[in-house]
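From first to last, the protein sequence lines are chains A and B. Just so you know, this note's numbering puts 167 at position 167 of the first sequence, and the rest follows in order with no gaps. Heads up: take any position in the second sequence, counting from 1, add 1000, and you land on this note's numbering.
Bear in mind the hints are in silico, worked out from the structure with no lab data behind them. Be aware that a few hints might be false.
Derived coverage of chain B by chain A (criterion: at least 3 residues anywhere in the stretch with Cβ under 8 Å from a Cβ of chain A; other residues may be distant) [to be verified]:
no. : stretch
1   : 1127-1136
2   : 1143-1150
3   : 1319-1326
Even for Gly, the Cβ is constructed at its ideal location relative to N, Cα and C.
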Amino acid sequence: MSIKTYAVAIRDTIAQEMRHDDKVFIMGEDIEVLGGIFGCTRDLAKEFGTERVRNTPITEATFVGAGVGAATAGMRPIVELMYMDFTYVAMDQILNQAAKIRYMFGGKAKVPLVIRGQQGIGRGNAGQHSQSVESLFMHIPGIKVACPSTPAEAAGLLRTAIRDDNPVLFLEHKALYSTKGEVPDDPEFAIPFGKAAIKKEGKDVTIVANLLYVSKALEAADILEKEGISAEVIDPLTLVPLDIDTIVKSVQKTGRLITVHEAHREGGWGAEIAAQVMERAFRYLDSPPIRLGAKQCTLPFNLGLENAVVPQVDQIVQAAKQSLYR
Amino acid sequence: MAEKVIMPKQGLQMTEGTITRWFVKEGGNCVSGQPLFEMETDKLVITIDANVTGKLLKILALEGSTVPITETIAIIGQEGEDTSALLAQEKPSQANTPAMMPVSASAQAAGLTPMPVAAPAGPVYATPRAKLRAEEKNLNVEQIPGSGPDGLIIERDVLAFIPQKATPLAKAIAQQEGVNVSDAVGSGAHGKVTRADVNALIAARKDTLNTRHGTLVPYEGKRKMIGDKMQESLRTHAQLSHQIKVDMSRAVELRESFKAADRKVSYNDFILMATARALMDFPAMNAELTDKGILQKDYVHLGMAVDVPSGLIVPVIRDADLMRLGEISACAAELADKAKNGKLLPTEYTGSSFTVTNLGMFGLECFVPILNTPESGILGVGKIEKQAVVINDEIVIRPMMCLTLTYDHRVTDGAPAAQFLARVKQYLENPFLLL
């Protein structure tokens, strides 16, 4: 075990995988010398050279497309987007090409592509650089969606993503990069997709959160604990594939569900989970599931306003109480 | 034509009753005169028979519900009959309403302020989880007061609900005995705690206590009713007693003759008959001191004390003076049977004008009864026993019986009372006079 930041855990995993498999390479903006703006590729060019650690122009549609092509041709590319907001620039490549090729070629072509990068609030990056995109990609079949909330999960899930033969959208959070945690040194350490993590066990209410909101949900759970409410906090880790079983089981125990994410509330992944829980555990519900998410407006540049748009710990606490009619 | 079954009034004090058992299921057949349901009041447990024959179309008061008197508890009619018109007349039943259920102590302890719950006029709403929990706990979710928005019944309400699962009698006994009714294991419908359960709890508690301190028996319900009446008797009447010995030889012979003719007549029947006749001869003994004077009754409603598990009860042979021996015999047998099965109607144990009480079966030679107020006379009957008696200066063996008359000296005097007693003796020693 080593104590690493989230960013270093990602960097080290990429390095380990590049050592492990020659076909793994990475490309993106400002990754060669700068090592990416958050340091996730720092010094990789020194070890692996600029053939395998490639700078790209500011042309997301093009280099994501290049990644899709390389993957289809047999490589295992990692494409770094400086901001996940820029997936929108490359949407055709991601959703029409990467997500569909394996199906449309009758399984004869596969796309072992990882598109990774950071998203979210925390730096006042404004409307085009602060979005949370995971819900969008949950909707279109053919692409896996992973969202690590700790350094260890970042390492374990990224390894699984790189070794997966299907396209994976690997969503990091900019506010998590500097968070530290224990990460196994084992170069084979991997966390399987489709297995949610129970971050805290509880019996009164289930809170499902991802990325930055896992820590906020845990903070809320601590406050609730002091008021005699025992919250269970679950991080799905991957939205595609989704481990709904663990969530359903939890709700069967607690009878109440709160979903909380930074992505917009309307049409957010929390709504999907709430719907599936109602389909599968309606009898166990003691109150309607409550969804918390960013308000339906563009994320503001001003940090104070940014906070006003996204759910706060206090709102999670209130939602949990509301679900308990308290 | 469908008919309503109502909660019957059993006794003056009764305001409500608890259905403890339906003998006929909804949709089942009721037969007039056959047991329909069992109910419990604060005084007694009683089986009520159907008064019509037909299909039990609808049970409105489920087992365990407490219903005010005269309220409709079921509907009996013909198969397929439309009961909606009859049902529509019914105001929402008072039974089972959450309003009757006190807020559970634990809910109060938790600082919850449940919304006031009115008797539900429409459907009762509960969360799926509340229903699930209620199902697990075998509770009727509709009985549970809801603390959620608009009285919604939520899981917490079900978990905190300490079911009012005890009959009124069980609760009363538990309170008297200082045991917690919720500690008892309910054996009644829906786990309802019955008197027997509370008694079992009390018995279990006693095992753990030093029993040499005595046993506390609740003084309430029927026990208190009897006690109050006896106290009233001793306080109001000027009572004293006469005793006389009766030679029952001929009564024995007559009874044997009846027996030989396949007719069953008991000694008690002879005594009842003899008493009824003697009362007509001595109206002063068949009297009641009222505000307006001494009411000498021109009828004999003869009470006969019967011991049943719940205590003393005195069924009444009405118009005994007009009956022949066979009728008295049949009537007495029927009443005794009803008393033992808790099926006496109020009119069958009230309004007696004179009482006969027989403890001969317990081997008592004689005993002094006290008046069954407001009557003015009561005859205590001892056992028939062969004794050596002197007749015509010879010692002979005769079946002898001792009668003790207690009378009210305010109403009559010693001499007429003695004459009355002698008349009873005369009838019994010459029983053919009764035929």
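Hint check results:
| no. | hint | result |
| --- | --- | --- |
| 1 | 1127-1136 | holds (count 6) |
| 2 | 1143-1150 | holds (count 3) |
| 3 | 1319-1326 | violated (count 0) |
Hint compliance for this structure: hint 3 alone is broken.
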